[in-house]
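As a plain string of letters, each chain reads:
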Amino acid sequence: MVSADAAATPFHVVVERHRCASSGNCADIAPEVFTQDDATGLVELLDADPALDRHAAVRRAELVCPAQAIAVETTS
Amino acid sequence: MSTPADTPLDFFPPARDLERCPFDPPPELMRRAREEPVSRMRIWDGTEAWIVTGYADGRAVLSDERFSADPRHAGFPEKNVAYATTLGKDRTIRAIDNPEHDRQKRMMIRDFTVKRVNGMRPYIQQIVNDAIDEMIAEGGPVDLMSRLAVPVPTLVICELLGVPYADRDFFGDRAKALLAAPTAEAAGAAEAAILQYFEDLIDRRIASPQDDLISRMVHEQMLPGHFGRTDLVRLSRLLLVAGHDTTAGMIGLSALVLLQDSVARAAVRESDDPVFIANAVDELFRYLGSTHAGRRRVAVAEVEIGGRTIRPNEGVIVLNNLMDRDESVFPDAGVLDFHRPNTRANVAFGYGIHQCPGQLLARTELQIVHATLWKRLPGLRLAVPMSELRFVEDGSNFEVADLPVTW
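Protein chains in written order, with the numbering used here: chain A, 1 to 76; chain B, 1001 to 1407.
Calculated from the structure, these hints are not laboratory results.
Accuracy of the hints is not assured; some may be wrong.
Stated by the list, open to error - Derived coverage of chain B by chain A (criterion: at least 3 residues anywhere in the stretch with Cβ under 8 Å from a Cβ of chain A; other residues may be distant):
(1) 1103-1109
(2) 1113-1127
(3) 1339-1348
(4) 1355-1366
Bear in mind that the values here come from a model prediction, so they are computed numbers and not experimental data.
Yeah, the Cβ is synthetic: ideal placement off N, Cα and C, and Gly gets one too.
Excised from the complex, chain A in its bound form:
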């Protein structure tokens, strides 16, 4: 059961593809949210507004990304 507060808090994922270093960390950590272009390895966003149970993995991907190409916007 998702609390009303948590559901109301925006969690919008943004990727800056021009910064992406093709490390693949995000696609490994949160495969429901990020994937990689087969040829260039560049990040592709699968779900910009992931469900609550995926937020922790997205935060970990944001922390681990070596190119600081992932950001989460939490204000509407």
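Take the given structure of chain A and dock chain B to it, following the hints.
The following block gives chain B in isolation, referenced to the frame of chain A:
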């Protein structure tokens, strides 16, 4: 970066305290991390370099384009004479800045994506199984380095590049010399043999392409004119030695940690959870920091890091192994904790655009080795006292030379 003549600088790297704990960084570097996290030391060729030990400072350097990875810049702090003679002269992704770095990386990265690495899992599992089967058939004691730690990454990188198995011993010996040869002559001889091998392999792949990285690079990049033949020879050499030596060293060193720690060993042996095994492997990378020669850069502009001013043409050594012991990021950093929640944020593979492209492959190899070895050989133990093991401290990687085990 001037130094008063009466203040001699310590040489980098200082010695570890092998008797107390071989897995900890040198005490002098741990002291600097606490007391002067950005400081100066002298390196092998007599020049000075900045030593960066803090997590935030290190990530700042490695993600800032004002620090170049290109050894052609005056003041670049090269690792040793072997690097200065061989790999340091390459114009491959390791040693170039953007925009050329990203252009080259995108040519080869398709063989290192999550999808591709996951696709290699059955193959890696098979070679790990085969290596352990052979150890069991022969009976202990055996040297775990030569029987498991070296063959697994060698076969994996040979498969990826398309190097026939029959040539693997040839590569093992020469890859070692390339990274750590004591003289320029020895490094040069090892290099010449490997470069000639790749020249011949490229000729064969021009005539008959296979499903491998070198064939793709030949037909998609080199022949259409996007990438030079000399560059492809040198990229192949880089991938061979990078994929082989560091991973072999980490398999051996991580196995030794578990041989010495019965609680950690039992946790890995009894787990069937791939998420736990992956976190345990990440924690082993963080704790061991085996690429202890650090990430080398040279400033191309004046930059302030950790309150110190680094000027153009001053060398910087970013110590990933000390960053990964930063207490402000990893509490109780000297403790191996397989449940550590943020251990994946370690910088054992570097940070910034030069983070190791093979990191997913290396992590996968370590995961499969540890998920298999301790279940197949639950009684595995050292066959000699710990005090008789010989560690290699002065190379690019910290590793154990031989690892005699029995069961």
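Outcome of the hint check:
no., hint, verdict
1, 1103-1109, "holds (count 3)"
2, 1113-1127, "holds (count 4)"
3, 1339-1348, "holds (count 3)"
4, 1355-1366, "holds (count 4)"
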